[in-house]
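Kindly produce the complete structure, drawing on both the sequences and the hints.
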Amino acid sequence: PIPLGQVFELLKMREESGINYVQRVTAQHAEKLS
1 PIPLGQVFEL LKMREESGIN YVQRVTAQHA EKLS
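The numbers in UniProt numbering rise by one with no breaks, and the one at position 13 of the sequence shown is 13.
Honestly, the hints are just simulated from the structure, not real lab data. Not one of these hints is a red herring.
20 Å max Cα-Cα, derived SDA-like pairs, lysine to any residue:
| id | residue 1 | residue 2 |
| --- | --- | --- |
| 1 | Lys12 | Arg24 |
| 2 | Lys32 | Asn20 |
| 3 | Lys12 | Val25 |
| 4 | Lys12 | Val22 |
| 5 | Lys32 | Tyr21 |
| 6 | Lys32 | Val22 |
| 7 | Lys12 | Gln23 |
| 8 | Lys12 | Ile2 |
So the derived label-pair ranges between C-beta atoms look like this:
| id | residue 1 | residue 2 | range |
| --- | --- | --- | --- |
| 9 | Pro3 | Ser34 | 33 to 41 Å |
| 10 | Gly5 | Thr26 | 18 to 26 Å |
| 11 | Val7 | His29 | 13 to 21 Å |
Glycine included, every Cβ here is placed at the ideal spot set by N, Cα and C.
Structure representation (structure tokens):
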């Protein structure tokens with residue numbers, strides 16, 4: 001398992017990738033809910 005602190009560090013370093021990941025996951029949840 002990856003420490004949450006390390007995950008946040010990576011998201012800060014690669015913010016665009018993090019945002020894209022969040023948008024993709026959100027879209028998947030929206031599809032499941034609809």
